[in-house]
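K.L.:
Chain by chain, the residues:
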Amino acid sequence: MSKRKKKTTARRKKTNSPKQRRWFGKIWRLGLLLTGVFLGLMLPWVVYLNYQVTTEFEGRKWDLPSHVYARALAIYQGAPLSRADLELELKSAGYRAASQASRPGLYRVSGNSVDINRRSFGFHDGFEDARLFRVRLAGGKVAAVSGLPGGQSLDLIRLEPAEIAAIYPLQKEDRTLIRIGQAPPLLVTGLQSVEDRNFKHHPGVDLRGILRAALANLKAGKAVQGGSTLTQQLVKNYFLTHDRTMARKFNEAIMALLLEAHYGKPEILEAYLNEVFLGQQGAYAVHGFGQASLFYFDQPLDRLEPNQIALLVGLVKGASYYNPRRHPERARGRRNQVLASFAETGLLTEAEARKQAALPLGVTEKPRTRGTRYHAFVDLVRRQLAQVYQEDDLKTEGLRIFTTLAPSVQEKAQAAVTEGLNQLEKRGLSPTLQAAMVIADVSTGEVQGLVGDRNPDRAGFNRAIHARRQIGSVIKPLVYLLALEHKQDYSLVTRIEDEPLSLRQSDGSAWSPSNYDNKSHGEVTLLEALTRSYNQATVRLGMNIGVKHLVSRIEQMGVRADVEPVPSIFLGAVELTPLEVTQIYQSIAAGGFSVPLRSLIAVQTAEGNELVRYPLRMVPQPNREAIAVLNYALTQVVEQGTAKALPGLLDKPGTVAGKTGTTNDRRDSWFVGYTRDQVAVSWVGEDDNRPAGVTGSNAAMRLWAGLFRQLPIESVDLRMPDGAYWLWVDQNSGLLTLEDCDGAVQIPFVDGSGPTQSTACMSARKDDEESFWRKLLGKKKQ
Amino acid sequence: MVRKSNNLMHCPNLLLALVVVFLLSACASTAPGPSGPQEPEVEARVREPARQDSDGVQVFPLQNPAVKELLADASAAEQTGDFGQAASYLERALRIQPRDPEILQSMAEVQLQMQDYEQALNFASRSYDIGPRVGEICSRNWRTISVSKEYLGDSSGSAEAEKKATVCMNTKPRGL
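Line order of the protein sequences matches chains A and B.
Just so we're aligned: the first sequence equals residues 22 to 803 in the numbering used here.
Just so we're aligned: the second sequence equals residues 18 to 193 in the numbering used here.
Hint data in this document are derived by calculation from the structure and do not stem from the laboratory.
Honestly, I wouldn't trust all of these hints.
[Unchecked claim] Residues on chain A that point at chain B, a partial pick, calculated with CB under 10 Å:
no.: 1; residue: 93
no.: 2; residue: 99
no.: 3; residue: 103
no.: 4; residue: 174
no.: 5; residue: 643
no.: 6; residue: 645
no.: 7; residue: 756
no.: 8; residue: 757
These numbers were taken from a predicted model, which means no experiment stands behind them.
Note that CB positions come from ideal geometry on N, CA and C, so glycine has one too.
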């Protein structure tokens, strides 16, 4: 009680009258109420906004698309490289022809010489600086490589790889992240001079700036200036909405204040540099200065000249309104305004600004393609990556993915497929025919090109890796390989019967395979039966070996054949994809050193730290001597068998091995062929598997030839490994003979499988020789 | 609340990514077990005896300067014990000359030092198959095969390979 009294007395002392007292009390209570209501409503709202903006700020740091690179082209003396191929590789890697290779990313052609200014690049195995060098070409090869300007000879240099795809996050944005420390100083200061001069000092919202803008707008009678700070603009970019309501402005301001409270100026500026919207490329928004620099100038940011930086800074105000490709005059005006502002704030001298303002815009005609270029190949990359990575990581981690794709080979494969099918159409085949092609390096198993559709730009069903089709006679070499592995029973000159036969199938029905020409050919050698692809002989041979062995041999070659072991498999009633067929033939072409086909070399983090490397690993096949003998037989398919039209189509020297394949009712056409260094498979057929009127040699082989016409052909190496050797035999009897006897041919044999009897010609010669020695020795004795 | 669920979606991804990165880096940097040949063993059991077998006779095909440079880089990486980098250089060399017996044999020796005996065996076998099958490289092929087989537990195969190494200088193989 007494305390209360005291208080009242104290108040009384302060206030003048009871009336006034009541008035103040009312205001006080109202104030408290309003503050309470305000805090009660606003606080959760601010907490909510805080949550939103920090989530966005933190989250954005991770959302980087992964970049997929082709293989780096190695340039060295003797490298097989035509000028056209070199230019194709250069263009693919985003180089532009110019009268001088004065900047990285430019090249200059003069006669047989090409000067290249290579960009600096972080390769999968190390960073290399930009470098100017000259390549001299002659006869489809690199004649010399020299550094410029000195002209000293270079042993080896590589072009940085083309970026063939970016695996994007869902928002369809592309970014090339830059760090604040790497940004050109003129960009950092210039941006502030134009957009937010008080950036260093304000807490996220700049009251003076708002006043200044309001004044300017009042003067002009319309909105000419925005008072938004860089922080506010960043927030605006995070939640891109175009309404200009007060509520939105209010939220932006609160969030700007919150961002500044949480993060330092450099962090905010860095986020801004990477976030601001600066253009649109098709479906992809171009965000950030790093990306914009590539988009407009095809140069990394640190190479830009002041006028180019000014143009980019100018675009902040309105990337589509000032689009330099669409509205060059507007863009120029804006750029020069920015240059003037640079001069006004002392970032450039007046003279320098004037000089820069006189320069042309310097924007490339078209942006470099940044979308996926080789869908089918990138499909394979994704599939092989999926064994390690989640799809989401690919879209957000900014991984650098180094692949085996050779752009020039890929382009040739695409052309071979498209032109090949057009030619077939002219020859009366269906215009709806589809095709697939795979080409890989024999020794390393690196996939150099892959086509999955007659229109290579179409991203859809990828026949090269997804179309499972019967492979027909393409399987036959494995049947013969199994025979050659039984060296006590078979060699290439062993005779087998090509006669009608009837087999009982599991359902009780009879199966009587016929030959392609509907004839039976009687006794034929293994070599003839394989090169001419006789069905009856092959099934007979297969039945002696056993169908289960064939299935397990396919699996030994690295392909899972999900089939019932029935005799029709001997004629290719096995459904495999073109990629799987390539895998089988890689093993054969590499003399039994299987290498799992791979599209990946390495994966790095966005910062260039290696995450995983895909090294070359070999899986040796058993009986490599039999594989070597088979290799020879497959060269004979091209020389004198079902593919004998191939050399004429290729029209250049070199020993090639291959096998044709056709399935029932001419539904599928296959050709598998290889040179010493490259193995390729082509398939032609209809998607719905209807009869297509195609055979191995009339369709797929033509596509294959279309590809290898454009590639160097190194002859298949027919040296035999230990355990196999060449013998002269009589081509009719298969007996041992001598080189100069009639009918002598040289054939490889697995050790222990060769003939033991000799021809009359050889025996007679031996007798002669013996009598010669006898005479000689006899004379000596005398 | 919508944003919240969004954010929760973000977290596992991030976590997952970190786990993947961690696991991968663990894979990449996992050092092989303590036993096995170190560099001197390759020198002592493959290169030095091969030099003696061949008595200085070289039968290599002439090498492309680009390959030479990469082999030198690989050798330098090998000296510092960075076998992964050495293998990477050798792979680049193989892209240039996929059938060069010298590159294949160097790769076999690097694999030996990485204690991947199967791959060492494979690369040496391939080098022998497409190589000259005589001279120093032949001897290195067989000695690598011998050491690999020994570590793979095939002692008779190892002894046989050792024997073959010594006849690299006086037989002309039949298949050539």
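K.L.:
Hints first: check each against the structure and report whether it holds.
P.N.:
Verification of the hints:
1. 93: holds (9 Å)
2. 99: holds (6 Å)
3. 103: This hint is violated: residue 103 of chain A lies away from chain B, its Cβ roughly 17 Å from the closest one there, beyond 10 Å.
4. 174: Hint on residue 174 of chain A: holds, closest Cβ of chain B at ~8 Å, below 10 Å.
5. 643: violated (12 Å)
6. 645: With a minimum Cβ separation of about 7 Å from chain B (threshold 10 Å), the hint on residue 645 of chain A holds.
7. 756: violated (20 Å)
8. 757: violated (15 Å)
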